[in-house]
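S.K.: Chain residues, written in single-letter form:
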Amino acid sequence: MIRNYLKTAWRNLLGNKTTSFISMAGLAVGISCFLLLATYLVNELRYDTFHKNAGNIVRVAYKYQSPDDKEPRELAVTPTATVHVYKQQFSEIEDGVRIFNYSGNGQVTVSYGDKLFAEKQMLTADGSFFKIFSFNFLEGNAQNALSDPSSIVISSSAAKKYFGNEDPMGKVLKLNSDKNLTVTGVIEDVPSYSQIKFDMIANSAIDPGTKDLRWSSASNYSYLLLKPGTNRQALAKKMDAFIANIMKGEGRKGTTQYLLESLTKVHLYSKALYSLDTPGNLNNIYTLGVVAVILLLLACVNFLNLVTARSAERGKEIGVRKVMGAVRGQLFVQFIIEAAIITLVSLLIGVFILYLALPGFSTFTGQELSLHTWNASWLIGALIGLFVLVSFLAGTYPSLYLSAFKPIATLKGTSTTQPGGNLLRKSLVVFQFVVSVFFIISTLIAGNQLKFMQTVDTGINRDQVIVMDIGGLPYNKIEAFKNDLKQQSGIVASTASYDSPVNVRGGYSINAVDGKPTDYSLSVTAIPIEKDFVKTLGIKLLSGGDFNLSDEKAVQDTAYGKRKYSFILNETAVKAMGWKPEEAVGKRIGLNGRVGFIKAVAKDFNFASLHEEITPIVMFAEYDWFGKLLIKASAKNMQQTVTALQSKWKAFYPNKPFEYHFLDEEYEELYKADLRTGGILKAFTAVTIFISCLGLFGLAVFSTRLRTKEIGIRKVLGAGVTNIAALVSFDFIKLVIIAVIIASPLAYYVMHKWLQDFAFKVEIQWWIFALSAAFAVFIALATVSYQSVKAALTNPIKTLRSE
Amino acid sequence: MLSLQHISKYYQVGGNKNYVINDISLNVDEGEFVSIMGPSGSGKSTLLNIIGMLDEPTNGYHYFVDQPVHQLKEKQRSALYKQYIGFVFQAYHLIDELTVAENIETPLIYQDVKGSERKAMVADMLDRFQIVGKKDLFPAQLSGGQQQLVGIARALIAKPKLILADEPTGNLNSKQGEEIMELFRKLNKEDGVTIIQVTHSEKNAEYGSRIINLLDGKIESIKNL
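Chains R and H are the protein sequences, given in the same order. When the letters of the first sequence are read in order and numbered with the numbering used here, they come out as residues 1 to 803. When the letters of the second sequence are read in order and numbered with the numbering used here, they come out as residues 1 to 225.
To be clear, the hints were calculated from the coordinates, so they are not data collected in a lab. Any given hint could turn out to be false.
[Said to hold, decoys possible] Derived pair list, reagent style DMTMM-like, types lysine to aspartate or glutamate, alpha-carbon separation capped at 25 Å: (1) K7(R) with E56(H); (2) K265(R) with D189(R); (3) K7(R) with E117(H); (4) K7(R) with D112(H); (5) K535(R) with E582(R); (6) K17(R) with D96(H); (7) K406(R) with E56(H); (8) K672(R) with D277(R); (9) K790(R) with D96(H); (10) K709(R) with E167(H); (11) K709(R) with D96(H); (12) K406(R) with E167(H); (13) K120(R) with D674(R); (14) K63(R) with E92(R); (15) K7(R) with D136(H); (16) K636(R) with D469(R); (17) K406(R) with D55(H); (18) K406(R) with E74(H); (19) K135(H) with E313(R); (20) K406(R) with D96(H); (21) K159(H) with E30(H); (22) K564(R) with D514(R); (23) K17(R) with D136(H); (24) K7(R) with E30(H); (25) K575(R) with D514(R); (26) K406(R) with D112(H); (27) K7(R) with D127(H).
Predicted model only: the values in this text are computed from it and were never measured.
Go ahead and model the full structure; you've got the sequences and the hints to work with.
M.R.: Given below as structure tokens:
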């Protein structure tokens with residue numbers, strides 16, 4: 001019996017190539033999208049689980065609240081003393097390691113022979129690092145690879161980069177041209193799903209800051225290996241008491257708390273700032289999960305619609321089989337088997353699409369995603385689960401519907417289709433279009449916002465600004481280089497600053513203000529800049545004048561107390577102190593001990609992502625340490641300018657590789673997540689539109705067939721082709737319009753929420769909804785027009801003859 | 001073999017009862033060959049469907065091989081006609097996706113006949129109707145007459161006691177029709193199969209042993225030949 005079913009199913013598939021193709025295409029695309037997202041989710045969930053000790057490792061986060069702070073701040077970095085002191089103090093701790101992001105503050109130059117590279121992922125760690133974490137050693141061993149103060153362990157890519165085919169072991173790498181480090185181990189490249197990512201890791205001994213154990217400033221990442229079965233809450237409590245005592249001893253106010261975060265939960269759950277790796281977003285995970293399920297549902301709905309749409313053709317067969325003695329159960333089984341076959345084929349195609357799409361998706365998400373992301377048994381389990389679920393979801397209704405056909409009705413030839421379930425089918429198509437229209441609107445709004453962010457005037461002119469990370473190059477060298485650039489055609493201006501002008505991070509506070517009480521304190525962001533900063537970036541001054549050479553001279557003294565500072569504040573900052581821009585100039589203020597006068601007030605500009613409001617910022621002339629060299633070029637001959645820049649840099653600083661990027665890129669980097677959201681939205685919009693159109697096509701086939709007789713009669717009565725086509729099409733347009741009406745407020749609500757995340761945002765425009773509606777109607781029309789016209793062109797003699 | 005007593009079927013249209021079958025009583029004995037005639041809308045097909053248990057009368061009593069059909073549940077009825085009745089249709093109603101042999105085999109599948117046995121029975125039937133050469137063709141590759149032959153072979157495969165034929169020659173030309181009617185006569189005479197057919201054709205009706213004329217849902221006349 002099964003063989004008979006399989007045979008009919010197979011011949012049915014082959015005999016109706018178009019519908020089979022459509023239902024399988026929809027299902028395959030739905031399944032592949034589902035699996036694609038599932039792969040991403042699996043990858044997020046497997047973060048850091050590869051360490052043997054994963055279950056017993058915790059990261060220590062640092063929660064601090066000073067008396068003036070409104071809220072406590074949670075940081076991923078901890079004081080240097082933490083690991084060592086705690087290890088001695090608490091017997092629950094088996095081992096611990098401090099990690100320092102050595103390349104985090106500017107760049108590290110590493111050389112071997114004449115090979116010179118700027119390393120962006122270099123860490124230092126205590127010797128216990130490889131005993132706690134499990135990274136695969138290709139050469140050397142975990143037990144003692146990092147025990148020597150001058151040892152360094154590198155990844156296999158780094159090994160290839162520096163040593164090619166030579167054996168890296170025992171070779172000496174030169175660090176910043178002053179430290180020699182011996183390669184004592186080569187590990188496999190760190191997987192993308194590790195929160196600790198590095199190409200090189202050296203012993204903490206090379207970082208002077210790590211040597212002394214202090215409680216005052218936090219810069220290290222602390223990981224502890226706890227003894228199995230440790231009560232973490234109890235331990236954390238003991239730590240709180242311990243640290244409170246130390247704080248008291250040092251005479252510091254405020255509360256400090258240490259949080260023990262499970263290693264495997266850090267990526268998705270930690271709220272601490274400044275993690276080693278960009279943290280995952282739990283909300284994203286949920287959203288993507290919902291999207292994945294919706295896409296799968298859409299595909300199932302589609303399949304269901306198409307199968308029932310074909311009931312006209314199947315009606316006779318069902319009738320005959322019933323008359324031959326088939327009972328409903330047997331027919332039900334037959335149709336479920338058919339659904340299962342289609343599901344199976346679609347699943348295979350879906351996995352194939354997945355396989356093809358994964359590399360692109362990996363680049364897109366910045367995660368290494370492949371079929372290997374899945375544990376083999378999980379993947380097989382998931383596929384079997386999906387197979388059963390989809391066969392069931394997509395097959396049950398059509399099977400119930402088809403197997404319930406009454407044989408005489410289908411055999412008499414009066415009507416080959418049975419009208420039941422029409423409302424359901426229509427609702428399903430409406431559902432599909434609600435999803436599509438929702439995605440269309442969301443994509444348009446998100447696209448609007450993304451475009452706005454890229455084009456809005458942020459108060460800083462980022463055009464043609466070349467950025468070089470100079471990581472603390474002495475100022476006399478910067479100045480000499482700057483002077484040299486003045487001769488270079490194509491370079492308009494140049495300057496230096498502590499960090500990126502589009503992403504200023506320094507947290508300071510203003511005090512000792514003219515005419516304010518002595519305990520006055522205003523939290524601000526601040527950035528040390530060089531004299532040409534304002535000019536180079538086109539920041540507008542509302543009052544006062546730009547920094548000049550005399551301001552530079554006034555802060556050259558090495559003794560802080562003898563320096564006289566000059567400050568440029570933004571409008572928001574002076575407003576916060578109750579001044580107008582004109583009044584502020586010449587007023588005395590202090591900035592974390594730096595005392596001086598306000599020299600100018602700048603028009604507000606965005607110094608952080610547009611997600612944030614503009615807050616008070618202080619720019620101050622201080623020439624101790626600059627991380628960025630900013631060079632404004634003219635728009636013409638950019639390539640030539642860069643080449644010239646390179647040769648100059650080589651002559652000036654042969655030991656530092658020439659690497660540059662544009663300020664615009666730093667700006668875009670701030671919106672990486674948003675741009676990714678935009679991209680994902682676009683892709684899923686395309687997929688949902690595709691699937692929905694398939695569904696609509698199915699419905700069009702079905703209902704034009706249902707109405708063949710009506711159409712025939714209308715034609716006999718004199719209706720023209722256009723009349724008929726319009727009549728038939730209008731039915732579907734109605735459905736799409738209903739979908740637009742349902743989807744619009746939904747999309748408005750969700751996108752309104754999404755926009756709340758931006759301090760600077762576009763208004764949601766009404767035309768977006770109109771455009772989306774028009775677009776949806778257009779694609780719906782395009783989809784059904786073939787069927788409508790075909791129905792309208794059919795010779796009525798053919799359709800009416802069977803009566 | 002079967003007995004209909006005061007069978008009626010009507011549809012409620014507005015306040016009126018619209019009778020398709022109006023109080024028909026009819027007995028058919030085993031071995032009979034009955035032809036039902038009548039103009040369009042006289043209720044011939046409905047009567048045949050009721051006899052075949054594909055349709056239900058609104059009221060009346062219906063006995064088939066001494067079973068009270070009007071009291072049976074759907075499943076029991078289905079089991080009953082599976083065992084005793086073979087259907088032949090005007091439009092043949094072969095399953096397009098199945099070959100000739102597979103079409104003939106279908107009823108056996110639903111009667112849980114074993115695979116090897118089914119093969120033998122199908123081979124017998126193909127042989128008997130001299131269509132062995134066509135066993136692997138699909139219905140679309142056959143002429144109307146050939147399709148109806150397959151239809152009859154399919155109706156006979158389960159060795160039914162009764163064949164119900166709804167205008168079996170309606171879509172055929174006169175020569176093909178004649179062949180089919182000859183076949184029916186032979187089945188009736190030689191194999192003792194009871195046949196009830198609905199027909200428009202006076203000539204075809206005369207192959208039967210009794211002609212029942214319907215008009216407006218009532219038996220107008222019965223003619224024994």
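S.K.: Look at each hint and say if it fits the structure.
M.R.: Results for each hint:
1. For the suggested pair K7(R) and E56(H), the alpha carbons sit about 33 Å apart, so the restraint of at most 25 Å is broken.
2. The suggested pairing of K265(R) with D189(R) holds, with an alpha-carbon distance near 22 Å, which does not exceed 25 Å.
3. Between K7(R) and E117(H) the CA atoms are separated by roughly 19 Å; this keeps the pair inside 25 Å, and the hint holds.
4. Of the pairs offered as hints, the one joining K7(R) and D112(H) holds, with about 18 Å between alpha carbons and a cut-off of 25 Å not exceeded.
5. Taken as a hint, the K535(R) and E582(R) pair is honoured in the structure, with Cα atoms around 20 Å apart against an allowance of 25 Å.
6. In summary, the hint linking K17(R) to D96(H) is supported, as the alpha carbons are separated by about 15 Å, within the 25 Å threshold.
7. At most 25 Å may separate the alpha-carbon atoms for a hinted pair to count; K406(R) and E56(H) meet this at roughly 12 Å.
8. Of the pairs offered as hints, the one joining K672(R) and D277(R) holds, with about 15 Å between alpha carbons and a cut-off of 25 Å not exceeded.
9. For the hint linking K790(R) to D96(H), the alpha-carbon distance of about 24 Å falls within 25 Å, and the restraint holds.
10. The hinted pair formed by K709(R) and E167(H) meets the criterion: a straight-line CA distance of about 24 Å does not exceed 25 Å.
11. Restraint check: the Cα-Cα separation between K709(R) and D96(H) comes to about 23 Å, which is no more than 25 Å; the hinted pair holds.
12. A distance of roughly 20 Å separates the Cα atoms of K406(R) and E167(H); the hinted pair therefore holds under the 25 Å criterion.
13. In summary, the hint linking K120(R) to D674(R) is supported, as the alpha carbons are separated by about 24 Å, within the 25 Å threshold.
14. Note on K63(R) and E92(R): the hinted pairing holds, with a Cα-Cα distance of about 21 Å set against a maximum of 25 Å.
15. Simply put, K7(R) and D136(H) have alpha-carbon atoms about 13 Å apart, close enough for the 25 Å limit, and the pair holds.
16. Restraint check: the Cα-Cα separation between K636(R) and D469(R) comes to about 24 Å, which is no more than 25 Å; the hinted pair holds.
17. Restraint check for K406(R) and D55(H): satisfied, since their Cα atoms lie roughly 9 Å apart, inside the 25 Å limit.
18. Between K406(R) and E74(H) the alpha-carbon distance is near 12 Å, which keeps this suggested pair within the 25 Å criterion.
19. For the proposed pair K135(H) and E313(R), the alpha carbon gap of about 23 Å is at most 25 Å, so the pair holds.
20. Pair hint K406(R) plus D96(H) holds up; C-alpha atoms about 19 Å apart against a cutoff of 25 Å.
21. With a C-alpha separation of about 14 Å, the suggested pairing of K159(H) with E30(H) holds against the 25 Å cut-off.
22. A C-alpha spacing of about 16 Å is found between K564(R) and D514(R), which places the hinted pair at or below 25 Å, so the restraint holds.
23. In summary, the hint linking K17(R) to D136(H) is supported, as the alpha carbons are separated by about 22 Å, within the 25 Å threshold.
24. The suggested pairing of K7(R) with E30(H) is violated, with an alpha-carbon distance near 38 Å, which exceeds 25 Å.
25. With a C-alpha separation of about 14 Å, the suggested pairing of K575(R) with D514(R) holds against the 25 Å cut-off.
26. Using a Cα cut-off of 25 Å, the hinted pair K406(R) and D112(H) holds, with the two alpha carbons roughly 23 Å apart.
27. For the suggested pair K7(R) and D127(H), the alpha carbons sit about 24 Å apart, so the restraint of at most 25 Å is met.
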